[in-house]
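Note that the protein sequences, when read in sequence, are chains A and B. Per numbering that gives the first Met the number 0, residue 0 is the first one in the first sequence, and the count goes up by one each step. Per numbering that gives the first Met the number 0, residue 0 is the first one in the second sequence, and the count goes up by one each step.
The reader is advised that the hints may include incorrect statements.
As the list claims (entries may be wrong) - Here are the computed lysine-lysine pairs in the PhoX-like style, where the Cα-Cα straight-line distance is at most 25 Å:
| no. | chain 1 | residue 1 | chain 2 | residue 2 |
| --- | --- | --- | --- | --- |
| 1 | A | Lys81 | B | Lys714 |
| 2 | B | Lys689 | A | Lys135 |
| 3 | B | Lys714 | B | Lys689 |
| 4 | A | Lys111 | B | Lys573 |
| 5 | B | Lys711 | A | Lys135 |
| 6 | A | Lys74 | B | Lys770 |
No lab work stands behind these hints, which were simulated from the structure alone.
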Amino acid sequence: MIKTEKLTKVFSTEEVETYALHNVDIHVEKGEFVAIMGPSGCGKSTLLNIIGLLDNPTEGLYAFNGTEVSKLKEKNRTDFRKGNIGFIFQSFNLIDELNVYDNVELPLLYLKMKASDRAKNVNDVLARMKIGHRAKHFPQQLSGGQQQRVAIARAVVANPSLILADEPTGNLDSKNGIEVMNLLSELNQEGSTIIMVTHSDRDAGYAHRVINLLDGQVIMEKMN
Amino acid sequence: MRNKVYSLINIVGLAIGITACILIMLYVQSELSYDKFHEKADRIYRVNLFGVLNGDVINSSVTCPPLAKTMQNEIPEVEEALRLTFIEPVIRHNNDVFNEKKWCYTDANFFKIFSATFIKGNQENALSQPNTVVLTESTAKRYFGEDNPIGQLIRMGETREYEVTGVIKDYPENSHIKPDFLASMKGLDVDKNMNWIQNMIHTYILIKEGYTKQDVDAKLEGLVEKYVGPAVKQAMGITFEKLKSQGMKYKWYAQPLVKIHFDREVKPMTESSGNKSYMIIFLIIAVFILAIACINYMNMSTARSAKRAKEVAVKKSFGSSRNLLIAQFLSESVLVTLLAMVLAMVFINLLLPEFNNLIDKQLVFNYLNNVKTIPLMLAFGIAIGIIAGSYPAFFLASYNPVKVLKGISKSEGGNAKLRSGLVIFQLIVSIGLFSGSFFISKQLSFLQHKELGFNKENLLIINKANYLGNQLSSFKKELLTQPGILKVTNSSSIPGRFNSSNSYFHHSVDDTRGINTFWSDYDFINTYQIELTEGRFFEEGNQFNDKSVVLNETAIKQLNIEDPIGKQIYSGTKTEDNSLTIIGVIKDFHSQSLHEKMSPFVLINGGGEYLSIRVTGDIQQNLEVIKQTWDKFAKGQVFDYVFFDEDFGRLYKAEVRTRKIVSIFSALAILIACLGLLSLAAFIAEQRTKEIGIRKVNGATIGEILFALNNKFMKWVAIAFIIATPITYYIMNNWLENFAYKTTLSWWVFALAGVAALFISLVTVTLISWKAATRNPVESLRYE
Chain A
0 MIKTEKLTKV FSTEEVETYA LHNVDIHVEK GEFVAIMGPS GCGKSTLLNI
50 IGLLDNPTEG LYAFNGTEVS KLKEKNRTDF RKGNIGFIFQ SFNLIDELNV
100 YDNVELPLLY LKMKASDRAK NVNDVLARMK IGHRAKHFPQ QLSGGQQQRV
150 AIARAVVANP SLILADEPTG NLDSKNGIEV MNLLSELNQE GSTIIMVTHS
200 DRDAGYAHRV INLLDGQVIM EKMN
Chain B
0 MRNKVYSLIN IVGLAIGITA CILIMLYVQS ELSYDKFHEK ADRIYRVNLF
50 GVLNGDVINS SVTCPPLAKT MQNEIPEVEE ALRLTFIEPV IRHNNDVFNE
100 KKWCYTDANF FKIFSATFIK GNQENALSQP NTVVLTESTA KRYFGEDNPI
150 GQLIRMGETR EYEVTGVIKD YPENSHIKPD FLASMKGLDV DKNMNWIQNM
200 IHTYILIKEG YTKQDVDAKL EGLVEKYVGP AVKQAMGITF EKLKSQGMKY
250 KWYAQPLVKI HFDREVKPMT ESSGNKSYMI IFLIIAVFIL AIACINYMNM
300 STARSAKRAK EVAVKKSFGS SRNLLIAQFL SESVLVTLLA MVLAMVFINL
350 LLPEFNNLID KQLVFNYLNN VKTIPLMLAF GIAIGIIAGS YPAFFLASYN
400 PVKVLKGISK SEGGNAKLRS GLVIFQLIVS IGLFSGSFFI SKQLSFLQHK
450 ELGFNKENLL IINKANYLGN QLSSFKKELL TQPGILKVTN SSSIPGRFNS
500 SNSYFHHSVD DTRGINTFWS DYDFINTYQI ELTEGRFFEE GNQFNDKSVV
550 LNETAIKQLN IEDPIGKQIY SGTKTEDNSL TIIGVIKDFH SQSLHEKMSP
600 FVLINGGGEY LSIRVTGDIQ QNLEVIKQTW DKFAKGQVFD YVFFDEDFGR
650 LYKAEVRTRK IVSIFSALAI LIACLGLLSL AAFIAEQRTK EIGIRKVNGA
700 TIGEILFALN NKFMKWVAIA FIIATPITYY IMNNWLENFA YKTTLSWWVF
750 ALAGVAALFI SLVTVTLISW KAATRNPVES LRYE
């Protein structure tokens, strides 16, 4: 499903060029659950952003479902991303001004889905994340675990084939963290491909495969 | 850094607002203080004539020559009274010839009534002798340079010599009487004129202390009975009582000096007559501009308050009281305003000459000469600072420290509702000013392009052509041999300057009407290209004053004449002597500003001081030819000419000026409002950075983000448009009532104003939101 070849990302300032990624080749099959690990600044998030089509690589190739997407313009990236990729962040990234329901509905709005279909999808996913009774609440009225469940609901509401999670448990206590990981596992078992960046060995344990990055390069891959 | 940009926008916006406001205030203040500098201003009055003659209302500042002296002698409440009249003579000194426009004849007691500062000579006896004249300082310099003018002689026309007996300081801008010369009236024909029904001169009086205008008005009624009644009987053969029973009215009344400037009823108005409603419009604009600038300040400081919430919370938790915090924020805003004030002073000094040019005045802003100015400015600055700072201060100081520190109150930056309200207010004002100034321009261009009934282009006027005497017809013949000169006509007046009216009737004396009368030669309608509808015009070789007249259609209508050709009209009584025969009818033409309805005319075969020349081709070349020909015939008389269209344009001077002022200051108001929108948009975009990132990650396109960011502004414009349109319609409709001929308040102007407001605010907001929308969401979500 995902195949990168010599993926390289360089951040240049006036004085220095920093290699965030250097010749990264990875391969993720459909239905896989992959964890990316490594110390801070090793390029995990950059890799995730490129895979998530939020950013373009400086060099190298990236095929998503067989389509070369490394040189897409922003508009095409947005089109490609819509409905195909769901994101989950460490800091939840919910919109404070919108209530739970409206937050979750967001991706469907941009897919121009009909209102009745939207309502059905949103209510289904909220029920599934056991957060339906909070639909009218605002993010700040929820606990961290609840907020992350809302974020997961939003990531999966459009039924994307790929879910990208950037340290999804980083801001949660262990009870809530385990709950979130269980949810991700469930989603994976139902067919979603998941790529997750994490610091936590516990979380990495849920993945089929762990890729270790250091200084922008893959140093080790291991199967769980 | 970003804070610095905001502060700069705030201060510059405020400074522009204050500058505009002070400039307009200076203007309005100068207008409102007209004639108040005379020490006895509260006791000085002008005597006006109010009359109704067969339904025609006369309200005139011109009265009869014997009135002044008689008032002084017979009304004990009157301390002094004088006559005053202006002429435009040619003055010679040595070999220099001057065309003077402001020569004033008056009585010796002028300086007992009006204030004047004598530089040379003294006011006791300056005008007591015949043929004496007092010059203003600038006039004296013009004639004599640094020499002492006292005792020098200047010559009027060919023979009459005047001795300079005094030099006074120039009268200030805000004086309705601004003579260059004050000459003694003694010994002139008008001095001896005792005709009570010949109204030709101004009368000013000084009322004794302790008495009122009512005392004098009451006594004036007696003077009308005593003097005007008999004079009317003698001239018209009808008793005053009979005329009064027919509805005629005739009365004099005293008008306070300080009311003269803004009077629109009494004719003739002075060149600089003020218009109170325009002053009110200007004041409103000034206040609006200041309000818009203050709103910018309020909006930005409340918007940014979220950033200062922590500061407030910490200070509060360490025991700072609410009042102390309010004082802190208020003093901050006063400081900002004072900074803006200093900047505004610089702007004012730079712009005042331009502004004077615009309003055609010589205002001065001397904050060093006037002890009151600096404290006044300071007070003004502090007041603005407090007004602009009060809401942000109270708002900030009322933060609950516990909530803020816990991070619960993730305030979206002050009361967003109030802020929308203020922005909508700014937009209402902007849209209103835009469409308002558009309508003023539209009306003006309507007036300037309206079919006048004659052709005002390519006409050149020579003033004082009567100086040519019997050379006039030879001069005219010679001019007509030139290829560029099509027609030449001699007349006693020209459109735009008619001011002499006479009484006529056709059926009976009861139907008498006041009708504009002037004398012209046979080329008048050819030169002005006025259409003849019936009969014939004067012909070459006709005797002057041969009792044949040409009327315009309105005159025919007003006098109620059927089949006019060959019919008689009478002036005074229905006798053969007083009769005139109508030989032709001309189409109506607009001879006055289009404030007025079409007026009636009687033309008599003759001539006068004006020569109108219709030219073709290069105007400068023609002018040169005409001047050369003039010099050949005029024996040293000054060639005094105007282009007709410019002269006629004077009628709309007030409107032209108003259009300029309103357009410029509306543009300023809109500019300041845009500055406000700009910083508000920047603030909102910044505040929504994270939200934008999230939306983009979830599939929003740049277009959708732009829409989300601009959406609110579009809504605001729509609301403002809906509110502004009826208000502007109402105001402009009222303003157009001033004109007899008016443009339509077309819907498309309002639509244009709405679209323009939408466009301008969208462009402004998009300048900012484009950057926010195209930003990579990764960046905006990276730091949390």
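- [ ] Could you work out which earlier hints the structure fails to respect and list their numbers in ascending sequence?
- [x] 1 and 4
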